[in-house]
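Participant: Based on the sequences and whatever the hints tell you, model everything.
Protein chains in written order, with the numbering used here: chain A, 6 to 343; chain B, 3 to 377.
Here are some chain B residues pointing at chain A (derived, C-beta under 10 Å):
#1 R232
#2 R233
#3 H240
#4 N284
#5 D286
#6 R289
#7 N290
#8 L295
The following label-pair restraints were derived from C-beta to C-beta distances:
#9 A:P146 to B:L339: 56 to 62 Å
#10 B:G317 to A:E253: 51 to 57 Å
#11 B:G282 to A:I162: 45 to 51 Å
Honestly, the hints are just simulated from the structure, not real lab data. Where is the CB? At the ideal position from N, CA and C, for every residue including glycine.
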Amino acid sequence: MPRIAVDAMGGDLAPDEIVRGVAQASLESDIQMVLVGASDRIQALLDAGPYNPELISVRHCSAAIGMAEDPHEGLRTKKDASISVAARMVAAGEADAMVTAGNTGAAVLAAAKNFKLIRGVKKAALASVFPRQTEYPGQDPLGLLLDVGATIRCDAIELTQFAVMGSAYARRVSKVERPRVGLLNMGSEESKGGEILVEAYKRMKALPSIDFVGNVEGNDVTTGKADVIVAEGLLGNVVLKLIEGIGEVATTVATHAAQDSWRWRIGMAMLSTGISRIRDLADFRSYGGAPILGFESICIKAHGRSTAPAVKNAIKVAAKAVRDRISPEIAEAIAEIR
Amino acid sequence: MSTEEQPSAAMPPAAAPDRAAMPPAAAPDRAAITFRWDLDKTYLRTQFESLRQMVKIPFEAGSDKVHLPGVPQLIRGLRRCAKERAERPYVFFLSASPPQIGSAIRQKLEIDGVEYDGIVFKDQLRHLVRGRWRSLREHLGYKLGELLDSRRAGPAARREVLFGDDWESDPLIYSMYADILAGRLTADATDGLLRVLEVERGAIARVVRAVDALAQHSEVVLRIYINLERRTPPGRFHVFGSRLVPAFNYLQTGASLHQLGLLDDTALRAVASALVADSGYNGDRLRNSLDDLVRRGHLRPSSRTRVIRVLQRAGLSGPAPHEAMVRARLAAAFERLQARWSRSVGPVDAPAIDYEKIVREWADRGADGPSPSAS
Numbered sequence: 006m007p008r009i010a011v012d013a014m015g016g017d018l019a020p021d022e023i024v025r026g027v028a029q030a031s032l033e034s035d036i037q038m039v040l041v042g043a044s045d046r047i048q049a050l051l052d053a054g055p056y057n058p059e060l061i062s063v064r065h066c067s068a069a070i071g072m073a074e075d076p077h078e079g080l081r082t083k084k085d086a087s088i089s090v091a092a093r094m095v096a097a098g099e100a101d102a103m104v105t106a107g108n109t110g111a112a113v114l115a116a117a118k119n120f121k122l123i124r125g126v127k128k129a130a131l132a133s134v135f136p137r138q139t140e141y142p143g144q145d146p147l148g149l150l151l152d153v154g155a156t157i158r159c160d161a162i163e164l165t166q167f168a169v170m171g172s173a174y175a176r177r178v179s180k181v182e183r184p185r186v187g188l189l190n191m192g193s194e195e196s197k198g199g200e201i202l203v204e205a206y207k208r209m210k211a212l213p214s215i216d217f218v219g220n221v222e223g224n225d226v227t228t229g230k231a232d233v234i235v236a237e238g239l240l241g242n243v244v245l246k247l248i249e250g251i252g253e254v255a256t257t258v259a260t261h262a263a264q265d266s267w268r269w270r271i272g273m274a275m276l277s278t279g280i281s282r283i284r285d286l287a288d289f290r291s292y293g294g295a296p297i298l299g300f301e302s303i304c305i306k307a308h309g310r311s312t313a314p315a316v317k318n319a320i321k322v323a324a325k326a327v328r329d330r331i332s333p334e335i336a337e338a339i340a341e342i343r
Numbered sequence: 003m004s005t006e007e008q009p010s011a012a013m014p015p016a017a018a019p020d021r022a023a024m025p026p027a028a029a030p031d032r033a034a035i036t037f038r039w040d041l042d043k044t045y046l047r048t049q050f051e052s053l054r055q056m057v058k059i060p061f062e063a064g065s066d067k068v069h070l071p072g073v074p075q076l077i078r079g080l081r082r083c084a085k086e087r088a089e090r091p092y093v094f095f096l097s098a099s100p101p102q103i104g105s106a107i108r109q110k111l112e113i114d115g116v117e118y119d120g121i122v123f124k125d126q127l128r129h130l131v132r133g134r135w136r137s138l139r140e141h142l143g144y145k146l147g148e149l150l151d152s153r154r155a156g157p158a159a160r161r162e163v164l165f166g167d168d169w170e171s172d173p174l175i176y177s178m179y180a181d182i183l184a185g186r187l188t189a190d191a192t193d194g195l196l197r198v199l200e201v202e203r204g205a206i207a208r209v210v211r212a213v214d215a216l217a218q219h220s221e222v223v224l225r226i227y228i229n230l231e232r233r234t235p236p237g238r239f240h241v242f243g244s245r246l247v248p249a250f251n252y253l254q255t256g257a258s259l260h261q262l263g264l265l266d267d268t269a270l271r272a273v274a275s276a277l278v279a280d281s282g283y284n285g286d287r288l289r290n291s292l293d294d295l296v297r298r299g300h301l302r303p304s305s306r307t308r309v310i311r312v313l314q315r316a317g318l319s320g321p322a323p324h325e326a327m328v329r330a331r332l333a334a335a336f337e338r339l340q341a342r343w344s345r346s347v348g349p350v351d352a353p354a355i356d357y358e359k360i361v362r363e364w365a366d367r368g369a370d371g372p373s374p375s376a377s
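Facilitator: See the structure below:
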């Protein structure tokens, strides 16, 4: 069984929701988990709810890196920070993967500091899943977007590697035999987007190992045109947050509208199933987390506001990534294009 | 096997307390140790969550009954170890199940090789015939009365260890029993608590008579082990103090008994082996169980290290990661030093339990409340 190191102190709602998520996972799965953080606080939280102690161990550490803290400075001054300890455990073979809902920058840096990049990979990419329409029966209702924040700017080779890594991940995790890969751009034509994106387009198109469907515009992100969408970190992060915001806006608008008029209230009641489906679809909690791709070891980054169900799902994603041997799959795919 | 107690035969009719009617309690037996066990959900994996499962129970043979992993090995080990310490061990079972399933239970205990000195069943049929509906569902007064009667009539052992589960009222019943024996709960106080709990008058009278009849008080109950069959959060039992040990499996129970010196390495190994063989436990699960008990304050790090060594020698647990092993050894060494300086580590503590608060909360939840809430 995979053993997952979970950063208990990382996240807006840590350690409470993280520990509860681990407790829930211990009752629903056979995954071994190591909670990394302040052991007294962790045990007090475990004591308050049901859990299976046989699947949970605790690695005490005294420090944590705050969500708003400078990740470089945090990692430099807090050697005993939970996120670092979790990463070191994975690097030392004490755990097979790590999960954190903590500071994204610190997660990427901790992984970079402790994990080896897969041979040939220039930069790691933070992936994220997002809800989208499906174009054919059996298509995964979740798309994969990368990079969403591990990088800021990338060159064409790096974007091409992201395409290969994302395709390998989707192949293994979503069981899509030949995932369709798109490049996020400002137009569908090959010549759009500037020098780097044009070059990236050419490289991806020339790769027989991926099913490149060309450029994907903003309005196509959620249509199901591509299973994997590649972007540099700055752009990917903006798109991801925009998608997250849609769900919240839908709920807020519906609530306000219902308060304003009884006619709207009736209308909303009739549409309530649809609205809650939109909200559920855009709810990051159900997806758990997404991987930082490109390292030999697996790190799943959960949303900073993760509640217990999200943490539980992130742990399941991590265990699945270990079982499905994601890293060797990516290493093989990268070796093919070198 | 020695004598078996009659199923609830000693239950007096409903009456006002008659404090002079009870014979005096037996003199304490300094060389005896008594282990009192609940049956369903503590020894047996009885399923009575649905009507269908309940209907099946009377038709089950002994071979159909399933014990919880490690329990027979634990009881056999407790008995053998007591004898080796030149103590006279007694094992009593107390069940709220009807005597009609008694033969299947006795058959099961024989299959498991568990020797016992008495089993008490609740005569539900008699309550049914007499139309005592409340008595059918009421276990608290029944169990407390049976425990006290058994103590009075049987060997008044110097030490007792109690085993129950988190399904009904075992934590409260056992704690009250322990504190009655220790003299912390008087007959009047017990009477008041049982009234708040709306226990049947006849059962209250019986308990009060038994409390009055206690000749002397002493700290008899070493530990109360509650099998967390429902995975009730262990924090809910803090109100009962550290004398009560909520345990998720019988390795945790065994490790605590090993720490108390009531179980040796061989018996502990047998319990752990049963968990591995019957329930698919592995080294990680065993070790995590022990660590959980350490974090909850029921097992000392040095005891944990000793248990891990037992498991490792038996090939049940692989070597712990180097860093973890170093930390555990350091913690154990520090703890030994601390114990030498303070000399405060003892097997028994006397918790000050706020029964009034517990009972109020219990009564608010109704008779079926699974366990008391946290303080």
